[in-house]
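**Q** Once you've looked at the hints, dock chains B and C against the given chain A.
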Amino acid sequence: MNYLRQVAAIAGKDLRSELRTKEALNASLSFAVVILLLFSFVVDPDSEMLEQMSGGLLWMVFAFSGTLILNRGFAREIPNDCLDALIASPIPGSALFLGKAIANFALIAIIEAICFPVFGILYNLNWTQQLPVLLGVSALATWSMATLGTMFGALTVNMQLRELMLPMLIYPMLIPALMAAMQLTTLLIAGQPIDAEHAIWLRVLIAFDIIFTSLAAVLVETVLVG
Amino acid sequence: MTALEAHGLWKYYGDFAALQQVSFEFAAGSCIALLGRNGAGKTTLLRILAGLSQTSEGQVRILGGNPRQPAIRARIGIIGHGIGVYDELSAEENLLTFARLYAIDHPAKAVDHWLERTDLDRVRRGLAREFSRGMRQRLAIARAFIHNPNFLILDEPFTSLDDRAIALLQGLLKDALAQGATVVLSTHQLKEALELASHVLLLNRGKLAFTGTRTADMLVDPGWVYRHYGEPTASASPANGESTAA
Amino acid sequence: MRDKLIYGAGIFAALYFVRNLYVILLQLPDEALQGAVYRIFFFHLPPYFAAVACFFGAAIASGLYLKTKQWKYDVFAVSATEVGLALAAMNLVTGMIWGRQQWGIWWTWDARLTSALITWLIYLGYLMLREGIKDPSERAKNSAVLSIFALFAVYFTYKANVWYRTQHPGPVLTIRTGDAGTIDPAMQAMIYHNLGAFLLLTVALVAVRMNLEDSQRAVESLRRRAHAIA
Numbered sequence: 001m002n003y004l005r006q007v008a009a010i011a012g013k014d015l016r017s018e019l020r021t022k023e024a025l026n027a028s029l030s031f032a033v034v035i036l037l038l039f040s041f042v043v044d045p046d047s048e049m050l051e052q053m054s055g056g057l058l059w060m061v062f063a064f065s066g067t068l069i070l071n072r073g074f075a076r077e078i079p080n081d082c083l084d085a086l087i088a089s090p091i092p093g094s095a096l097f098l099g100k101a102i103a104n105f106a107l108i109a110i111i112e113a114i115c116f117p118v119f120g121i122l123y124n125l126n127w128t129q130q131l132p133v134l135l136g137v138s139a140l141a142t143w144s145m146a147t148l149g150t151m152f153g154a155l156t157v158n159m160q161l162r163e164l165m166l167p168m169l170i171y172p173m174l175i176p177a178l179m180a181a182m183q184l185t186t187l188l189i190a191g192q193p194i195d196a197e198h199a200i201w202l203r204v205l206i207a208f209d210i211i212f213t214s215l216a217a218v219l220v221e222t223v224l225v226g
Numbered sequence: 001m002t003a004l005e006a007h008g009l010w011k012y013y014g015d016f017a018a019l020q021q022v023s024f025e026f027a028a029g030s031c032i033a034l035l036g037r038n039g040a041g042k043t044t045l046l047r048i049l050a051g052l053s054q055t056s057e058g059q060v061r062i063l064g065g066n067p068r069q070p071a072i073r074a075r076i077g078i079i080g081h082g083i084g085v086y087d088e089l090s091a092e093e094n095l096l097t098f099a100r101l102y103a104i105d106h107p108a109k110a111v112d113h114w115l116e117r118t119d120l121d122r123v124r125r126g127l128a129r130e131f132s133r134g135m136r137q138r139l140a141i142a143r144a145f146i147h148n149p150n151f152l153i154l155d156e157p158f159t160s161l162d163d164r165a166i167a168l169l170q171g172l173l174k175d176a177l178a179q180g181a182t183v184v185l186s187t188h189q190l191k192e193a194l195e196l197a198s199h200v201l202l203l204n205r206g207k208l209a210f211t212g213t214r215t216a217d218m219l220v221d222p223g224w225v226y227r228h229y230g231e232p233t234a235s236a237s238p239a240n241g242e243s244t245a246a
Numbered sequence: 001m002r003d004k005l006i007y008g009a010g011i012f013a014a015l016y017f018v019r020n021l022y023v024i025l026l027q028l029p030d031e032a033l034q035g036a037v038y039r040i041f042f043f044h045l046p047p048y049f050a051a052v053a054c055f056f057g058a059a060i061a062s063g064l065y066l067k068t069k070q071w072k073y074d075v076f077a078v079s080a081t082e083v084g085l086a087l088a089a090m091n092l093v094t095g096m097i098w099g100r101q102q103w104g105i106w107w108t109w110d111a112r113l114t115s116a117l118i119t120w121l122i123y124l125g126y127l128m129l130r131e132g133i134k135d136p137s138e139r140a141k142n143s144a145v146l147s148i149f150a151l152f153a154v155y156f157t158y159k160a161n162v163w164y165r166t167q168h169p170g171p172v173l174t175i176r177t178g179d180a181g182t183i184d185p186a187m188q189a190m191i192y193h194n195l196g197a198f199l200l201l202t203v204a205l206v207a208v209r210m211n212l213e214d215s216q217r218a219v220e221s222l223r224r225r226a227h228a229i230a
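Chains as they are written, first to last, in my numbering: chain A, 1 to 226; chain B, 1 to 246; chain C, 1 to 230.
One chain only, chain A, in its complex shape:
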């Protein structure tokens, strides 16, 4: 019970300070919208092809703009040596990790919640036909980004080049999760249900989340306490 309260306290203070300044959110959102616009020059916006690329396009946007949010996650703890105050408090490393991952998740989810309708309007797509499943798939893939992003944020927090290092390190590792999300999102936006052939991707996403969340929860304390 205390554990959950501590997780909530971490997530709460991260969300509160981000929503107050909206530094990362604004940057990330404008970046996302710009990429969405740029894509209209890459593919003919009225063609069939766009629908076939929709999943890939959207998750590229989320991966790129999400990094701006993930970069802020641990950077927020650097001024005033706040990270020391957190590590010295009696919360387990995994609670700190989960709290920050939840905050990152929520912030990226806000970006997604805005990008999906904008995408639908700009490219004239009816993307809501499989909405509940689409939300579930997005949640799973966003959690993959949040876990790896939070964990590698902790790994790179003391580095000078951390804002460059984080994407360099997490993009290659995220590929399986992003690939799965792209496949499924394209399918769902086209209005088709997840059939047996595509169920494998759902399993990839779930397995990815379980494995990397537990790995991070176990290792994060070692990373934080030098």
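Quick caveat, the hints were computed from the structure, so don't treat them as lab data.
Bear in mind that the values here come from a model prediction, so they are computed numbers and not experimental data.
The reader is advised that the hints may include incorrect statements.
EDC-like cross-link-like pairs, simulated, lysine to aspartate or glutamate; straight-line CA separation at most 16 Å [claimed, not checked]: (1) Lys134/C to Glu220/C; (2) Lys191/B to Asp163/B; (3) Lys191/B to Asp221/B; (4) Lys174/B to Glu195/B; (5) Lys159/C to Glu220/C; (6) Lys134/C to Asp15/B; (7) Lys109/B to Glu92/B; (8) Lys22/A to Asp87/B; (9) Lys72/C to Glu213/C; (10) Lys69/C to Asp87/B; (11) Lys72/C to Asp214/C; (12) Lys191/B to Glu156/B; (13) Lys22/A to Glu88/B; (14) Lys72/C to Asp15/B; (15) Lys67/C to Glu138/C; (16) Lys134/C to Glu213/C; (17) Lys69/C to Glu138/C; (18) Lys69/C to Glu221/A; (19) Lys174/B to Glu192/B; (20) Lys67/C to Glu221/A; (21) Lys69/C to Asp135/C; (22) Lys69/C to Asp15/B; (23) Lys67/C to Glu57/B; (24) Lys191/B to Asp217/B; (25) Lys207/B to Glu57/B; (26) Lys109/B to Asp121/B.
**A** Coordinates of chains B and C only, in the frame set by chain A:
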């Protein structure tokens, strides 16, 4: 009861030994002044005590346990170089966050109490970013004391504080000591520290140079302990120590 | 001890390679469908296995480092990772040359090619992380954690890509296919022989790299000591 003990403590950064074979023991209720020049290992030692860093070899026990145990950390309060509060949160939100992290029983009540005690209750909804330097320092003090710690670790607490915050902190430390808490503080300002201190621990290049009770001599002449146990000054060093040819 | 290993494994690897090259170039016949170019395969699959062995070794050493905080494990982990990267690069390059000859293209976004490239990038990230951290203890600890993550990520990438799409030839060794017949026994034996040679070479290279890392550390520490005196 022993509140703080270290046995054969080593800390390496790579192969650089920041602490070498440091051992000491202090009873509960002691106020230990940690002295030493820059680079002597004071901050390294305090970070280990605060559970922010792990020893390479040897053992530390605080209040009978490892400082990384959550139950032990819940009884430790720290003030480090940074103030450890969030600029984008209000005074109240900052304290409430830490009250929840320390899982204390009535967070809101404790926050009220400490806002009052540090004279910040009128600006409780103000963001820490907008505070003056002195207010930020008082907020940091409230953050460190919010869970009524009975072991306090303070790294250079008086260096950056203004007079009001110094008076507040000294008052709090005296109260805490009176209630049997143990205090470890590193300092350059020997005078302020030695008045509070019951014991002195001197580090010299990572090694323990002196440990013992604070004597009246030290109080009269704060430089005394350095002259007797610190590293020899350049003029006093033996001639053959300078063997490097020009 | 390590020097003996370097010379021992190095000399054996050299002799083994000479013997293997003799067999590959002069004794084995051309392959029925591919002609002469199939011979590159002996320098394609074995380095891949050796690289995987390196990455496995690095992850295990990293785990041991986190548990014991002993330098030797960190030294081994970085050495094995670097040698593994070189071997993986060899696997990629030989594969590209073969692809140019057989498929007419240098690169295709095939599952195995893609996952091999991603693996390479992940471990390149490991080296970059090390470059960016100055404090040796922090560097060792953080890169050890990364190494463990990397191994899981590589496995995942490999699996996901195989499900995704493949035009790469399937497994050929009988331990993978479970039956005889897809590969000539002489050629299969040659793969194992060259794998043996590559593993010996890997041992020698990792040991050399470990010596280098030790010297580098000695230099680093001398420099730090010099600064401390000044």
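**Q** For every hint, state whether the structure bears it out.
**A** Cross-check of the supplied hints:
1. Lys134/C to Glu220/C: holds (10 Å)
2. Lys191/B to Asp163/B: holds (15 Å)
3. Lys191/B to Asp221/B: Within the cut-off at roughly 9 Å; holds.
4. Lys174/B to Glu195/B: holds (11 Å)
5. Lys159/C to Glu220/C: violated (41 Å)
6. Lys134/C to Asp15/B: Between Lys134/C and Asp15/B the Cα gap is close to 13 Å, so the pair holds against 16 Å.
7. Lys109/B to Glu92/B: holds (11 Å)
8. Lys22/A to Asp87/B: holds (14 Å)
9. Lys72/C to Glu213/C: Between Lys72/C and Glu213/C the Cα gap is close to 10 Å, so the pair holds against 16 Å.
10. Lys69/C to Asp87/B: violated (36 Å)
11. Lys72/C to Asp214/C: With Cα atoms ~9 Å apart, Lys72/C and Asp214/C stay inside 16 Å; holds.
12. Lys191/B to Glu156/B: holds (13 Å)
13. Lys22/A to Glu88/B: With Cα atoms ~11 Å apart, Lys22/A and Glu88/B stay inside 16 Å; holds.
14. Lys72/C to Asp15/B: holds (12 Å)
15. Lys67/C to Glu138/C: Holds, because 14 Å separates the two Cα atoms, which is no more than 16 Å.
16. Lys134/C to Glu213/C: holds (15 Å)
17. Lys69/C to Glu138/C: Given pair Lys69/C, Glu138/C holds - Cα atoms ~11 Å apart, limit 16 Å.
18. Lys69/C to Glu221/A: holds (15 Å)
19. Lys174/B to Glu192/B: Judged against 16 Å, a Cα distance of about 13 Å means the pair holds.
20. Lys67/C to Glu221/A: It holds: about 13 Å lies between the C-alpha atoms, which stays within 16 Å.
21. Lys69/C to Asp135/C: holds (14 Å)
22. Lys69/C to Asp15/B: holds (12 Å)
23. Lys67/C to Glu57/B: Roughly 13 Å separates the two Cα atoms, so the pair holds.
24. Lys191/B to Asp217/B: OK: Lys191/B and Asp217/B at ~12 Å, within 16 Å.
25. Lys207/B to Glu57/B: Holds, at roughly 14 Å.
26. Lys109/B to Asp121/B: Satisfied, since the Cα-Cα distance of roughly 12 Å is no more than 16 Å.
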